[in-house]
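Given chain A, put chain B in place with the hints provided.
There are 2 protein chains.
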Amino acid sequence: MTAQKPLILITNDDGITAPGIRKLITLMKELGDVIVVAPDSPQSGMGHAITVNDTIYCDPVREFQDADHKEYKCSGTPADCVKIAVQEIMHRKPDICVSGINHGSNSSINVIYSGTMSAAVEAGVEGIPAIGFSLLDYSIDADFSHCDTFVKRITSQVLENGLPQGVVLNVNIPKLKASEIRGIKVGRQANAQWVEDFDKRTNPMGRDYYWLSGEFVNHDEGQDTDEWALANGYVSVVPVQFDLTAHRFITELNSWNLNP
Amino acid sequence: MTAQKPLILITNDDGITAPGIRKLITLMKELGDVIVVAPDSPQSGMGHAITVNDTIYCDPVREFQDADHKEYKCSGTPADCVKIAVQEIMHRKPDICVSGINHGSNSSINVIYSGTMSAAVEAGVEGIPAIGFSLLDYSIDADFSHCDTFVKRITSQVLENGLPQGVVLNVNIPKLKASEIRGIKVGRQANAQWVEDFDKRTNPMGRDYYWLSGEFVNHDEGQDTDEWALANGYVSVVPVQFDLTAHRFITELNSWNLNP
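Respectively, the protein sequence lines represent chains A and B.
Per my numbering, the very first residue in the first sequence carries number 1; after that it's consecutive.
Per my numbering, the very first residue in the second sequence carries number 1; after that it's consecutive.
The reader is advised that the hints may include incorrect statements.
Same chains, same names: a pair is fine if it fits in one copy or spans any two.
Taking lysine-lysine pairs in the DSBU-like style, the calculated list, with each CA pair at most 35 Å apart, reads [claimed, not checked]:
(1) 177 to 200
(2) 200 to 5
(3) 29 to 200
(4) 152 to 29
(5) 23 to 200
Note that these hints are calculated values from the structure, not bench results.
Isolated chain A (complex conformation) (with noise of 0.2 Å):
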């Protein structure tokens, strides 16, 4: 008698196509049954968008798929990905849903931004076991090589153990060789943000437009975060809640003169 493998739901925000959820998939093969649904096309910065006023395709990707698994493209966001797959594709409710590597870095201020992150968030809503995995590295031609052991290690860590109802796990990896890894350090979102910078310019019919661009500035002087953790050659690992009440600050709000 064998035991039955689990069940993972794979998805990102870079698209089926990228090479960190490729290296994601041949990873999940190793530790069980494998299900991808993912956007057809890049996603990134879409924090946490559903799809309410469009239609969303979800078709099968008969090149990626083999005996062993089956894929689907999906033309909504990474957070539509995990609904449809759960309600529309699955014939269960997986037992893990990863959702990366992202090309690009998830930590601290950029949890909020990420549609990697979001598709956690989403499955973790649904009650799903869930981990966000990303690279600090933006390029397409990233190496993803050391982050086997990591990915596998994180992911089996959280088929046995299970995660508690509302929260997901934030994985960050350093662009670092294998050699030069410390380890890896739990810890909290760092306090930091992007200080915008607009590069603006103008159309070739007269009109100003604006690109999008800015400074990442570290406020946060903690040996605890996951900026620190990065900085310092470790796999960032910060687990993540959907809760978003401040819960710190309901006395004192009540003590406001609220009512007009």
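What follows is chain B alone, placed relative to chain A:
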């Protein structure tokens, strides 16, 4: 000598022509100097999306502005609107950012899908006190008249008291007559979710597609939640944070066997 009037940035996710933002502009002009930078088209369900791979236009709307205030329509998301307002449009950092009044609820889990709240959160990230206002009525013809006193009082209180760094307010107003509203309740985000029920159709070319639909399910019986307040005739105020760290889970996560 008169004190300087507060400088108020107004945005939303339903677009600059929506009745909800027109109402909010009227109310805010009683409280301070107003600048409007809002999407040129509806952005519902956009979550905390930002525009990273496309150009952004942001043009004055001459038909709306008068001697007292300026308005700009922006091709980007609500979060883009706040970024571009602060960086490119306004001569100084606003004293407050208000977003809405949204046509439809942003209570409980809706906060993570909400363009209205993403604008407030973006302002919060930039250190600006911020409030998202939503009315529990999706109709374009929604009656906002009972919102006036609550919107002005809550905004005045934030201007007077400030908000702690890292906290913004999520205000939801029930669809009731003014006389039926029992007051304001400060509470927490209810533990609720959307249970999807995709509407699958076939297009004229024979290809299947989906519409996202679903049923809202509240799993939370607490009387300290936003859902309870709204169901019982109160305006709900929830303090919202964007440090998403699940601090309560860090100790346990450190006990896992994470390092390969």
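*Please work out whether the CA atoms of residue 200 and residue 5 approach to 35 Å or closer within one copy, between two copies, in both situations, or in neither?*
between (53 Å within a copy, 30 Å between copies)
*State whether the alpha carbon distance between residue 23 and residue 200 is at most 35 Å within one copy, between copies, both, or neither.*
between (37 Å within a copy, 32 Å between copies)
*asked:* Cα distance capped at 35 Å. Does residue 29 pair with residue 200 within a copy, between copies, both, or neither?
replied: Answer is between; shortest inter-copy Cα gap is 30 Å, intra-copy 46 Å.
_Within, between, both or neither: residue 152, residue 29 at alpha-carbon 35 Å_ = So residue 152 and residue 29 pass the 35 Å test inside one copy only (10 Å; across, 56 Å).
*Which holds for residue 177 with residue 200 at a C-alpha limit of 35 Å: within a copy, between copies, both or neither?*
neither (38 Å within a copy, 47 Å between copies)
Of the numbered hints stated above, the single one contradicted by the structure is hint 1.
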